[in-house]
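K.L.:
Below are the chains, spelled out letter by letter.
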Amino acid sequence: MPRYAMAIDLSLCVGCAACAVACKMENEVPPGVHRLWIRERELGVFPDLTVEFRPEQCLHCANPPCVPVCPTGASYQTKDGLVLVDPGKCIACGACVAACPYDARYLHPGGYVDKCTFCAHRLEKGGVPACVETCPTGCRAFGDLDDPESPVAKALKEAGRVDVLRPELGTQPKLFYLNAPSKKGLSQEREVRHD
Amino acid sequence: MTEFYGLPNAGEFWHWTNALHFVLVGLAGGVALLAAYLHLKRHEEARRYTLWALALIALDLFVLWAESPARFRFTHIWLFLSFHPQSPIGWGAWGLALSFLTGGLLFLGKGPQRALAWAFLLFSLVALAYPGMALAVNLNRPLWNALLAGLFPLTALVLALALAALLGSPWAREPLRLFAGASLLLTALYPLTLAPEARGHLLEEGGFPFLLFLLLGLGAFQERLGPWMGLLSAAGLRALLVLVGQWQGFGL
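Just so you know, the sequences run in chain order A and B. Take 1 as the starting number for the first sequence in this note's numbering and just add one per residue. Take 1 as the starting number for the second sequence in this note's numbering and just add one per residue.
It cannot be assumed that every hint is accurate.
One-sided and incomplete, this derived list gives chain B residues near chain A with beta-carbon spacing under 7 Å [said to hold, decoys possible]:
no. : residue
1   : 3
2   : 73
3   : 79
4   : 93
5   : 252
No lab work stands behind these hints, which were simulated from the structure alone. Note that the Cβ used here is the ideal one computed from N, Cα and C, for glycine as well.
Okay, chain A solo, but in the shape it has when bound (with noise of 0.2 Å):
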């Protein structure tokens, strides 16, 4: 069984949002929702800049806060590591959105929770996520931590630093920021916050 996973090198990316947009096609996201965002902040005072461009989505953590809170077994981990949601068995409650640290949760307008499903259906077929697939930069790299030649074990193996979102709540998130730009590693909201 692989074990999915992603790696986005955050020195590589410039924020174009070509994957928010691949995204919103091949999953007909509907307005308003979003699988796929990007997060731009500037850190730093001059000469001292820094601008940090981070895609966001689910992380598909490996201990998913939001499976365990669903009452229907609607929110469910696959055997490789995918977190997905059975929109046949969704009641819409709303537990895993509130327990997503990410806000990768979104109520679909047909009446269930949605999210990023790492394209589930392009892996079926052998693909990668579309995501992936369109990035300019080539900054996102897909497949199995497991497999030492998988794209994204060779560019975890090959990054200056690995970061994680919010570590703290031991969600172990299988989508990891490559090279974060800034020497504190992932910016947090609090940091660019002034009275």
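Fit chain B to the known structure of chain A by using the hints.
P.N.:
For chain B alone, kept in the frame of chain A given last:
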């Protein structure tokens, strides 16, 4: 400065309708607990309160279904075709349904009444406990800390006892003061249990209503308007915490 292309799905996911349910389920669970206790005490008002509990549980379950965007997909059947012991809402679904069943049998006088009363008590405790847990289980939400697992059952009892006092049951007055006191104490301590940025968010987003409901709660000790004050304070506080707690903090 932070900007986005697209947006994180950070909007409100539990709206005023869900906040209403959090109030109703407090009443439903609390009144069911009172009814079960009255049955065990062989109190003359046991049947009356069982009927109230049944009505409130039914009303709450109806509101839950009616406000659910999945209502006409009829997926709620899966709540009862599966068992997910890690899900507070799963516990709530079973707790409320079994409370209704045992309460109904008690009301109709069918089956082993003593055993049913104990089961009713147990299931009503589940119904009482789950809303606070449904919030507190989300460790990513700084305002929904573990204190809510205590505050919600307490405010639910305040709601139920206030209703009982309004229905003219003299035995409700004294415990109402007791539980109102306990819940107010926890409410007053609650901001102190939060990290500074979470406390700031609470005060910024809901400081005025929070203070208002706290002050109203003090009115629960008053003789004439006490039950009304207790009811308003507990209901307001529950709704407020549901609404302002939908916040991730500044960690992203």
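K.L.:
Now, for every hint given, state plainly whether the structure supports it.
P.N.:
Cross-check of the supplied hints:
1. 3: Result: holds, 5 Å to nearest chain A Cβ.
2. 73: Holds: closest Cβ of chain A sits about 5 Å from residue 73 of chain B, inside 7 Å.
3. 79: This hint holds: residue 79 of chain B lies near chain A, its Cβ roughly 6 Å from the closest one there, short of 7 Å.
4. 93: holds, 6 Å
5. 252: Since the shortest Cβ distance to chain A is 6 Å, the answer is holds.
Hint check: no violations occur; every hint is consistent with the structure.
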